[in-house]
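The lines below spell out each chain.
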Amino acid sequence: MANFFKDNEDIQFLFEHLDLREIATAQEDGFVGHEGTGAGEAPTDADDAVDNYRRILAIVGDLAANTVAPAAEAVDHEGNRLNDDGTVTLNADMRNSLKALAQADLMGFTLPRRFGGLNCPNLVYAMAIEIISRADASLMNIFGLQGIAETINAFADPTIKDEYLPRFARGELTGAMALTEPDAGSDLQSVSLRAWQDTDGCWRLNGVKRFITNGCGDVVLTLARSEPELKDGRGLSLFLAERGPRLKVRRLENKLGLHGSPTCELVYDDVPAKLIGERQLGLIRYVVSLMNGARIGVAAQALGIAEAAFRVARKYAHSRRQFGVAIERLPAVAEMIVEMRIAIEAARALVYETSRFCDLEQNNHRVLEIDPPTDADELKRRKNDARTYKRLNGLLTPMCKYYASEMSMRVANDALQVLGGSGYMKDYPIERHLRDARITNIYEGTSQLQIVAAVRGVCGGAFEKFVDELETREYLDKDLHALKTALAAGRVSVAAGIAFVKAQGGDYMDLYGRKLVDGAAAVLVGHLLLRQAAANDRKRLVARRFIHTHLPTLERDMTLLRSGDRSVLAEFAQFAPAIS
Amino acid sequence: MGYHSVVCVKQVPDTANITGEAMKADGTVNRAALPTVFNPDDLHALEAALDIRERFGGAVTAVSMGPLAAAEVLRECLCRGADRAILINDRRAAASDTLATSYILSRAVTKIGSFDLIFCGRQAIDGDTAQVGPQLAEKLGIAQVTYTERLLELHDGAARVRRSVGNGWEVLDVRLPMLLTILDTANRPRPSAARRVMRFKRARTAGEVKREVEASQPGASPGDRECEYAAGLESLKMRGLLIEQWDLDDIRAELQWCGISGSPTKVYRVQSIVLTKEGFKEVQATEEGIRTMVHELIVEHTLS
Chain A
1 MANFFKDNED IQFLFEHLDL REIATAQEDG FVGHEGTGAG EAPTDADDAV DNYRRILAIV
61 GDLAANTVAP AAEAVDHEGN RLNDDGTVTL NADMRNSLKA LAQADLMGFT LPRRFGGLNC
121 PNLVYAMAIE IISRADASLM NIFGLQGIAE TINAFADPTI KDEYLPRFAR GELTGAMALT
181 EPDAGSDLQS VSLRAWQDTD GCWRLNGVKR FITNGCGDVV LTLARSEPEL KDGRGLSLFL
241 AERGPRLKVR RLENKLGLHG SPTCELVYDD VPAKLIGERQ LGLIRYVVSL MNGARIGVAA
301 QALGIAEAAF RVARKYAHSR RQFGVAIERL PAVAEMIVEM RIAIEAARAL VYETSRFCDL
361 EQNNHRVLEI DPPTDADELK RRKNDARTYK RLNGLLTPMC KYYASEMSMR VANDALQVLG
421 GSGYMKDYPI ERHLRDARIT NIYEGTSQLQ IVAAVRGVCG GAFEKFVDEL ETREYLDKDL
481 HALKTALAAG RVSVAAGIAF VKAQGGDYMD LYGRKLVDGA AAVLVGHLLL RQAAANDRKR
541 LVARRFIHTH LPTLERDMTL LRSGDRSVLA EFAQFAPAIS
Chain B
1 MGYHSVVCVK QVPDTANITG EAMKADGTVN RAALPTVFNP DDLHALEAAL DIRERFGGAV
61 TAVSMGPLAA AEVLRECLCR GADRAILIND RRAAASDTLA TSYILSRAVT KIGSFDLIFC
121 GRQAIDGDTA QVGPQLAEKL GIAQVTYTER LLELHDGAAR VRRSVGNGWE VLDVRLPMLL
181 TILDTANRPR PSAARRVMRF KRARTAGEVK REVEASQPGA SPGDRECEYA AGLESLKMRG
241 LLIEQWDLDD IRAELQWCGI SGSPTKVYRV QSIVLTKEGF KEVQATEEGI RTMVHELIVE
301 HTLS
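Residue numbers (the working numbering), protein chains in the order written: chain A, 1 to 580; chain B, 1 to 304.
Note that these hints are calculated values from the structure, not bench results.
All C-beta atoms in this analysis are idealised placements derived from N, C-alpha and C, irrespective of residue type, glycine included.
Any given hint could turn out to be false.
FRET-style restraints, in silico, Cβ to Cβ [what the hints assert, rightly or not]:
no., chain 1, residue 1, chain 2, residue 2, range
1, B, M238, A, E9, 38 to 44 Å
2, A, A486, B, G279, 47 to 53 Å
3, B, E234, A, G33, 19 to 25 Å
4, B, E234, A, R410, 57 to 63 Å
5, B, P218, A, T553, 58 to 64 Å
6, A, D162, B, E226, 46 to 52 Å
Using 27 Å as the maximum straight-line C-alpha spacing, the simulated DSSO-like pairs for lysine-lysine come out as follows [claimed, not checked]:
no., chain 1, residue 1, chain 2, residue 2
7, A, K231, A, K274
8, B, K210, B, K237
9, A, K99, B, K201
10, B, K201, B, K237
11, A, K502, A, K390
12, A, K248, A, K99
13, B, K237, B, K111
14, B, K111, B, K139
15, B, K277, A, K315
16, A, K99, A, K161
17, A, K315, B, K281
18, A, K6, B, K201
Next comes chain A alone, as it looks inside the complex (with noise of 0.2 Å):
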């Protein structure tokens, strides 16, 4: 029976070489209290708990290969149907794969047991979005909406939790987020839907949502101006809608790509909706939460689809041949191959870094919130950490955002061309794959969005930090401490960028903000390749290959950067003359 988990050999390598023990142990609580009982779900060690993660795993690369991939074409070609009465009706070969979803109880993949979740930690549920993404990118913007659920666990009251959280889990609901509005897409500070409460105190809401994905689901949490008097992000609170009469789908997207995705604009006609934490919280901290998961999500999507689309055209080169050979033995071919498959492991190491780092994060700040610890030096070093990983974590989540969606792009665009005049025809998969791909650097925040979030970690210390620590791994393999040199050379390079633009101000670190975040990106990334190759002889080509190409782009990116060449900003108007 064929497995997308299980056939998947970097995947299956990164399982083990990222030892999931150590967050095992953290998102149990050091499995307390689960000795000896054994009764329930709860496992009982750290082995216990990464057996559940492989078989849980196992589970969703067996409905992806064999029940949701059979169905993506199907599912692209017809979509789903918006009815007269607002409501929206999914296509088939969709609910049919919600519905093995929710029969293997992976639709509350991440929340607590007491709910009726998995409980399982971010990094298994990134690894189970790629894995679902490979069959159907489209089926992950369900699937992957978790972390609506999450937010309602994170921040709600426990009425709400009660009421919603286990009907998530058995897959009863669906979830939406409704940030954007029409005017208000990448700036959300300007979110004008309002929330106002009726005489019996109940918040209503009213306005328009835009580009809502899976916006026909149950619950809908919507970001509202309660506050009208405050003109930014302060003035906007969360709630929570439910589908009803007075919520209603006027429009489906007709999109380039993911069309099994409902997208939506919602009418909201005074929709009764609950608060949802704290009023004016709703941006600044939960929304900012919830799309720090999201990215996330995104990222691994971006994974997902890019294997699919490196697959067909690896098999392609494989059994394809002209001048009497396999095209594959072509060197430009072979080339796009190679470079096709460094790039997917490449992004992968980046994406499960980040997400081990948001458990460690997510752990960590559960344990100081809910039980913390009287020891003052524990407690200490747990609040030090606790900064540590923030920090990284606001450099790595828009780093491997744009760097898998960039990646993706790319492997989905060589694939196709692998594939010639059949890639472009609809008969292979690949034309899907890259109009699939092609959302990935747009929604949950652009790339150039991404580099924006990014460049501050760049150049606040945060990579600094990371690379320190990094380069405290020896090598006493020639070769691995000769790449960690090398790595070491570009890191300095970085550094001088860095030191170059903070020179310069603001609108500079802007407009070089993506090289930074490349360079920066090449040496973090290199470093986790090293790490990879230090305990699998194959990645060692794949490390050295990749360090080897890298660094001499990181080099040129950076003369370019400590040019000083303002042009772009300077001679705007020339380069791009007015338009009347």
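Got chain A; can you put chain B on it based on the hints?
Coordinates of chain B only, in the frame set by chain A:
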């Protein structure tokens, strides 16, 4: 009201993924070289039973006859939703043909007691006989429907069933209790449920507990082992994780109808056929090329 369904499942060699070592030189199956799987049609039988429990309530009991290793398919039944699992395991049942197997299963079902429906897969991929289900119904004296495509209705102690007749279908009204053999087109088996997997991965039969105790404490005295074994059984039972294990005495089977003595099937001959590939021939996609190929096939009597 609910229905009590009994599902018969079998662990089989994975004949869909056969390698060169699948058969020994003497023509017998090399079980060591074949991984085992849940007989595919039996997954559809289990799904049919779970679906009825979901719609009408009741319970699902899974039964398998086989070696200790067959506990694996019973664990999978529990992970997919079965309420109870029973392994029929006895050396004296070895080498049973379909007649002896159906006799043994009939004794097991009799011990289980009251039931409304028995589900079997259409056939197993090792023997491909499709005989055990029908024989079991005969031995229990209940109605049977083979090649079931759909259970259309179920009420007042009767069912309306659609069965395939090869080039069409027929609809039958049948009184309960009854036995159905299920086609793979009848439904889509649900996946294992992750929460049940985390729980039932620990489920064991008594025989497995014994083996584990022996493996973990090779030097222990027989008395200590016995203690350990009893404690292990008790713990599993308390946690609802003990897969019942019955032998032929438990089900009060008459030994003459079991194993070799109960099996009239005689193997006439076993052929080991090795398919060899002798290179390949490229055929040009032209009129001429295809005409030549068809001609060759006729000469070789592949086409006539």
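Evaluation of the provided hints:
1. M238/B - E9/A: 38 to 44 Å: 41 Å, holds
2. A486/A - G279/B: 47 to 53 Å: Holds, since A486/A and G279/B (Cβ atoms, about 49 Å apart) stay within the stated range.
3. E234/B - G33/A: 19 to 25 Å: Given about 22 Å between the Cβ atoms, the range holds.
4. E234/B - R410/A: 57 to 63 Å: 60 Å, holds
5. P218/B - T553/A: 58 to 64 Å: Holds, at about 60 Å.
6. D162/A - E226/B: 46 to 52 Å: Once the Cβ atoms are compared, 48 Å apart, the range 46 to 52 Å for E226/B and D162/A holds.
7. K231/A - K274/A: 22 Å, holds
8. K210/B - K237/B: 15 Å, holds
9. K99/A - K201/B: Holds. K99/A to K201/B sits at ~23 Å (cutoff 27 Å).
10. K201/B - K237/B: Holds. K201/B to K237/B sits at ~15 Å (cutoff 27 Å).
11. K502/A - K390/A: Since the Cα atoms of K502/A and K390/A sit roughly 22 Å apart, the hinted pair holds (cutoff 27 Å).
12. K248/A - K99/A: 24 Å, holds
13. K237/B - K111/B: 20 Å, holds
14. K111/B - K139/B: 14 Å, holds
15. K277/B - K315/A: Holds, at about 23 Å.
16. K99/A - K161/A: 23 Å, holds
17. K315/A - K281/B: Between K315/A and K281/B the Cα gap is close to 22 Å, so the pair holds against 27 Å.
18. K6/A - K201/B: 19 Å, holds
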